[in-house]
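Let the hints inform the model, and build the full structure from the sequences given.
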Amino acid sequence: MEGRITTEMSAEEILDTLRNADGYYLCNNERDVSQSDFKNRLMPMTTVQVALHREATGFFSVEVSGGASVHVDLMRKQVNPFERLRIARRAMPKTLLQAVCRGASMFGYRHYPENVIRFTVSEFAKYIDVWRVYDFLNHVPNMIPIFEEVQRAGRILMPSICFSTGKEHTDEYYVEKVKEILNVTGPDVIISIKNHSGLGTPKRLGQLVKAIRTSCPDVVLHYHGCNTDGNDIGRMIASVVAGVKICDVADHGLGAVYGQAPALTLIHNLEDYGKKAVGVDVKALVQSSDVLRVERRIYEPFENLFRGHDPTVASYKLTGGAAGSTFEQADKGGFLDRMPEILEEMGRVQIELGNWWSVTPGSQILWTTAVNNVLYGKYERPSLDLKNLIMGRYGPLPFYDPQEWICQKVLEYQRSDGKKWHQVIAEEGGIAKPRDADLEGERENLENEIGRSATNEDLALYLLYSFDTVSFFKFEARYGKTWLLPPEIWFRQGGFKVGERITFEDESGKPHHIEIISTRQEGSTVITSLLVDHAFHTLTVTLEGADACPPPG
Amino acid sequence: MEQKLMFEKLLVANRGEIAVRIMRSARELGIKTVAIYEETDKDSYHISQGDEAICVGPGPRKDYLNIDGIIEAAEKAGAGAIHPGYGFLAENPDFSKACTDAGLVFIGPPQDVIRNLGSKVIARRIAKESDIPVIPATETLSQGAEGEKEALAFAAEYGYSIMIKAVAGGGGRGIRQVDDAKALLGGIKQSRSEALMSFGNDEVYLEKCVQRPQHVEVQILADKYGNVVHLGTRNCSIQRRHQKLIEMAPAVLKKPLTEEICGAAVRAAKAAAYLSAGTVEFLVEPDGTFYFLEVNTRIQVEHTVTEMVTGIDLVREQLLIALGEPIGFSQDQVVERGYAIELRINAEDPKNEFFASPGLVQVYQAPGGHGVRLDGAIYQGYEIPRYYDSMLVKLTVYGFTWQEAVDRLVRALDGFVIIGVKTTIPYLRQILQEPDFIQMKFDTSYIDTHPHLVDYLEEEREMEKIARLIAEINAHGYNPHAQ
Numbered sequence: 001m002e003g004r005i006t007t008e009m010s011a012e013e014i015l016d017t018l019r020n021a022d023g024y025y026l027c028n029n030e031r032d033v034s035q036s037d038f039k040n041r042l043m044p045m046t047t048v049q050v051a052l053h054r055e056a057t058g059f060f061s062v063e064v065s066g067g068a069s070v071h072v073d074l075m076r077k078q079v080n081p082f083e084r085l086r087i088a089r090r091a092m093p094k095t096l097l098q099a100v101c102r103g104a105s106m107f108g109y110r111h112y113p114e115n116v117i118r119f120t121v122s123e124f125a126k127y128i129d130v131w132r133v134y135d136f137l138n139h140v141p142n143m144i145p146i147f148e149e150v151q152r153a154g155r156i157l158m159p160s161i162c163f164s165t166g167k168e169h170t171d172e173y174y175v176e177k178v179k180e181i182l183n184v185t186g187p188d189v190i191i192s193i194k195n196h197s198g199l200g201t202p203k204r205l206g207q208l209v210k211a212i213r214t215s216c217p218d219v220v221l222h223y224h225g226c227n228t229d230g231n232d233i234g235r236m237i238a239s240v241v242a243g244v245k246i247c248d249v250a251d252h253g254l255g256a257v258y259g260q261a262p263a264l265t266l267i268h269n270l271e272d273y274g275k276k277a278v279g280v281d282v283k284a285l286v287q288s289s290d291v292l293r294v295e296r297r298i299y300e301p302f303e304n305l306f307r308g309h310d311p312t313v314a315s316y317k318l319t320g321g322a323a324g325s326t327f328e329q330a331d332k333g334g335f336l337d338r339m340p341e342i343l344e345e346m347g348r349v350q351i352e353l354g355n356w357w358s359v360t361p362g363s364q365i366l367w368t369t370a371v372n373n374v375l376y377g378k379y380e381r382p383s384l385d386l387k388n389l390i391m392g393r394y395g396p397l398p399f400y401d402p403q404e405w406i407c408q409k410v411l412e413y414q415r416s417d418g419k420k421w422h423q424v425i426a427e428e429g430g431i432a433k434p435r436d437a438d439l440e441g442e443r444e445n446l447e448n449e450i451g452r453s454a455t456n457e458d459l460a461l462y463l464l465y466s467f468d469t470v471s472f473f474k475f476e477a478r479y480g481k482t483w484l485l486p487p488e489i490w491f492r493q494g495g496f497k498v499g500e501r502i503t504f505e506d507e508s509g510k511p512h513h514i515e516i517i518s519t520r521q522e523g524s525t526v527i528t529s530l531l532v533d534h535a536f537h538t539l540t541v542t543l544e545g546a547d548a549c550p551p552p553g
Numbered sequence: 001m002e003q004k005l006m007f008e009k010l011l012v013a014n015r016g017e018i019a020v021r022i023m024r025s026a027r028e029l030g031i032k033t034v035a036i037y038e039e040t041d042k043d044s045y046h047i048s049q050g051d052e053a054i055c056v057g058p059g060p061r062k063d064y065l066n067i068d069g070i071i072e073a074a075e076k077a078g079a080g081a082i083h084p085g086y087g088f089l090a091e092n093p094d095f096s097k098a099c100t101d102a103g104l105v106f107i108g109p110p111q112d113v114i115r116n117l118g119s120k121v122i123a124r125r126i127a128k129e130s131d132i133p134v135i136p137a138t139e140t141l142s143q144g145a146e147g148e149k150e151a152l153a154f155a156a157e158y159g160y161s162i163m164i165k166a167v168a169g170g171g172g173r174g175i176r177q178v179d180d181a182k183a184l185l186g187g188i189k190q191s192r193s194e195a196l197m198s199f200g201n202d203e204v205y206l207e208k209c210v211q212r213p214q215h216v217e218v219q220i221l222a223d224k225y226g227n228v229v230h231l232g233t234r235n236c237s238i239q240r241r242h243q244k245l246i247e248m249a250p251a252v253l254k255k256p257l258t259e260e261i262c263g264a265a266v267r268a269a270k271a272a273a274y275l276s277a278g279t280v281e282f283l284v285e286p287d288g289t290f291y292f293l294e295v296n297t298r299i300q301v302e303h304t305v306t307e308m309v310t311g312i313d314l315v316r317e318q319l320l321i322a323l324g325e326p327i328g329f330s331q332d333q334v335v336e337r338g339y340a341i342e343l344r345i346n347a348e349d350p351k352n353e354f355f356a357s358p359g360l361v362q363v364y365q366a367p368g369g370h371g372v373r374l375d376g377a378i379y380q381g382y383e384i385p386r387y388y389d390s391m392l393v394k395l396t397v398y399g400f401t402w403q404e405a406v407d408r409l410v411r412a413l414d415g416f417v418i419i420g421v422k423t424t425i426p427y428l429r430q431i432l433q434e435p436d437f438i439q440m441k442f443d444t445s446y447i448d449t450h451p452h453l454v455d456y457l458e459e460e461r462e463m464e465k466i467a468r469l470i471a472e473i474n475a476h477g478y479n480p481h482a483q
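Same order as they appear, the protein sequences are chains A and B. Here my numbering is used: position 402 in the first sequence is 402, and no number is missing along the way. Here my numbering is used: position 422 in the second sequence is 422, and no number is missing along the way.
These are calculated hints, taken from the structure and not from any lab test. Watch out, some of these pointers could steer you wrong.
Straight-line C-alpha distance at most 30 angstroms; calculated BS3-like pairs for lysine-lysine [what the hints assert, rightly or not]:
1) B:42 x B:62
2) A:167 x A:126
3) A:409 x A:167
4) B:224 x B:149
5) B:270 x A:481
6) B:62 x B:9
7) A:419 x A:409
8) B:351 x A:474
9) A:474 x B:224
10) A:179 x A:332
11) A:510 x B:465
12) A:420 x A:409
13) B:465 x A:481
14) B:255 x B:76
15) B:465 x A:497
16) B:182 x B:270
Spelled out as structure tokens, the structure:
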């Protein structure tokens, strides 16, 4: 398709193409759809299954990594995040792969040492073409090491300005923020408007884009929004009409509520405005959704417990990406029924704490604070992260500080030295920059734990999440590349029927078959006989705890 | 008119792969077979391969060694002959005699030949009389302090290292190398004890240790008409603690040396009035000097490599000779072609001093294809008993060239799937990839001088790992790793 952007182009060529494009491009944000609406559970084989059509569609990029997905890959899907990228690259060789990076928190929840950030980015940059980078306080210095490493790797840098609503969130503020970023990065970047909670009206977004374009006419703009209130199509239309060149979208067969709005709906609407989706093959786009509609049934248990668009997000401002995890926590914590109260409290807490941006790790701070406020009373159980935030450990609050009574409750909570809150801020406040890690020492620790030599990729994962990385490597050594299994097998509930045949391909495309021959239980031991590629295996599993008891009835 | 055989039913006084092997050749000659088994061995594969099967006792082991019980079983089954295989009673002259006395044909040499050649001292005398060089050695050591004196005197004359050997020995039992006087005196006691347990005879003798020789043996066949032919050489140098691990044919010596050694073997067989199949063993030093070692009066484990390169079925020939037939071919007609290598795949854990690893064979898949021969007696679901030897299957391959044989061996070894017990497969795979082995640079010290071969990672196939997860999902009713 004419004007299509591919991996065969250099970063410079891509930016030139975007600047000169007569129309707009689409980014398929599978990662955010998975995180927002399916508790991050979309498996690599689902990506592979739809890859042929996505590759044919001609997206600017497909976001397949970053955010919470990297950690969940290790914890819940038992797939190496680097392998996941290799899988996506093999399946979509021409399509740019995109990731979102949480500034100094990278793909985690706390600020990492600078050398860890640089090392990790350099490893991931071998696969990730487009880096969407943000900081939840829009504090540009927190993002500089990532900017530098991405540019050093020759990848496309997409610094973000987090967007929200309220009287502080003016065009002037955001225009200045864009200028501050461009001063650091230079002009050859894509600036992303990160509307992570899907806030503001189409008119508001159109104004903002216009303001930025007026002030920085050469800047290439990207829009990332969520469709929580059901109005992100409107915001994207207004943004594109005002000059945005790339929009994050979802497949209509997979999109739900908290993730992105459907690509095809946007295309249909923008045609009326004479705006064309450059390089996009609509037929392939539809075919993707035909595949995903069927595949989606596997993930139904992971869809959010509160479904349907929610215009009240305008007040509680929960980011789409945090929706899945918050509902999951509420369900596991037994307070799902109190979600309306908690969401209402989130809106209040936002204002009380400074009306900054409800996105990771800030969204977790707001969420935990709101939950604790509802369950235990206003600021009666402040978290360590909230203390750190008020002390300025993550960076300066952009607009205003919380009221004194909040600072007092939070900073003097369980304080044994009798220090008052203002003393604490004076003596201990300010950005906490973690000391550089001993990378080779960490590598030695990892190798000791896994009993083999560690690659740089292994080390990068260990530096981000040491415990879960070791657990994953131990799992992989014992169970192999289980991501090859069809997702419906990975998430199977109720075991297997005798005679059931599981068919899947390995990485080379060679088919394999595992057939269930028999199952019998002797006490707490379950004996399963299988035919694995025609070879007979009998495997025993000893059940423990509740699993050891036969199900009632 | 159909010729009536001297015997039409053969009792195979053995178990495992060799019993199956013998039954195959017998069946091809139209001879019915009788398997015997101990109660502790009732799941053994060979039982199903015999036309009949008789339990000879509760076991373990003692009933396979019970001459009277086995003769009685043969008589009960109406067998006219007994094949002893290897091990157990195969080289027990009393068994050969008992068979003959009972009017049964013993598939092997007469009792006096077994007795003479089984005595290493007499065997050495026969060799010397046939102008075959022998390793300096003592006569049978006297018992007690007198024997110790004889031993120390021998050590003083020839120096160390010295081999202590059981007079009635074989299969590596009762053999040990000693390097000083203390080890010599202690080793004599240990070897006597081992020999008594294994052979019922605690006599031992000493032999000067030949350093880093190659173990070369010659397969011979002899009929009752005085015909003796050799079927070429085998190299069995790769041994662990005197137990052969890998055997190959031919031994790949220079032609004159091969002819000399083979000629010596035929002379020894003739001098001993040999009958049936046998093996004359030699040690060959790097300069080509060779010494007579012993004669094994039985079919050997490694006979398959000779069969592969000559095309001659040795067990069939044994049976025909026992039936009174002359050897059906002349020495000139024996042609060795290509290379054959045999591996013994044992249920042992190489990483744990090769300790036996009995247990349930959960999965058994075997390789096949051109040039691959399997002699085994295991099957999927077989519970390997702990009472018997640990050999699971012999893998023998043929290759037109040495490299082809090695390549085929690697391929065939990779085709095995044996789950449930530890096996020597990963260790053997290490050897096949080791440069000295590939370049045929090995002698009897090979295993000791290549200790790193045991440093391998236990490999598990990707699909077997994934199957483990399937079993867990099935057991739990959900995936415990996806929660």
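Do the hints match the structure? See the list:
For the given pair, residue 42 (chain B) sits about 15 angstroms from residue 62 (chain B) by alpha-carbon distance, which is consistent with the 30 angstroms threshold. A distance of roughly 41 angstroms separates the Cα atoms of residue 167 (chain A) and residue 126 (chain A); the hinted pair therefore is violated under the 30 angstroms criterion. Our distance criterion of 30 angstroms between C-alpha atoms is met by residue 409 (chain A) and residue 167 (chain A), whose separation comes to about 26 angstroms. Restraint check: the Cα-Cα separation between residue 224 (chain B) and residue 149 (chain B) comes to about 44 angstroms, which exceeds 30 angstroms; the hinted pair is violated.
With a C-alpha separation of about 64 angstroms, the suggested pairing of residue 270 (chain B) with residue 481 (chain A) is violated against the 30 angstroms cut-off. As the CA atoms of residue 62 (chain B) and residue 9 (chain B) are separated by approximately 24 angstroms, the hinted pair is consistent with the 30 angstroms bound. Restraint check for residue 419 (chain A) and residue 409 (chain A): satisfied, since their Cα atoms lie roughly 12 angstroms apart, inside the 30 angstroms limit. A distance of roughly 22 angstroms separates the Cα atoms of residue 351 (chain B) and residue 474 (chain A); the hinted pair therefore holds under the 30 angstroms criterion.
For the hint linking residue 474 (chain A) to residue 224 (chain B), the alpha-carbon distance of about 66 angstroms lies beyond 30 angstroms, and the restraint is violated. Restraint check for residue 179 (chain A) and residue 332 (chain A): the C-alpha separation of about 44 angstroms exceeds 30 angstroms, so the hint is violated. At most 30 angstroms may separate the alpha-carbon atoms for a hinted pair to count; residue 510 (chain A) and residue 465 (chain B) meet this at roughly 17 angstroms. With a C-alpha separation of about 10 angstroms, the suggested pair residue 420 (chain A) and residue 409 (chain A) falls inside the 30 angstroms cut-off, and the hint holds.
The hinted pair formed by residue 465 (chain B) and residue 481 (chain A) meets the criterion: a straight-line CA distance of about 8 angstroms does not exceed 30 angstroms. Restraint check for residue 255 (chain B) and residue 76 (chain B): not satisfied, since their Cα atoms lie roughly 51 angstroms apart, outside the 30 angstroms limit. Only pairs whose Cα atoms come within 30 angstroms are accepted, and residue 465 (chain B) paired with residue 497 (chain A) is accepted, the gap being roughly 20 angstroms. Using a Cα cut-off of 30 angstroms, the hinted pair residue 182 (chain B) and residue 270 (chain B) is violated, with the two alpha carbons roughly 41 angstroms apart.
Violated hints for the displayed structure, listed by number in ascending order: 2, 4, 5, 9, 10, 14 and 16.
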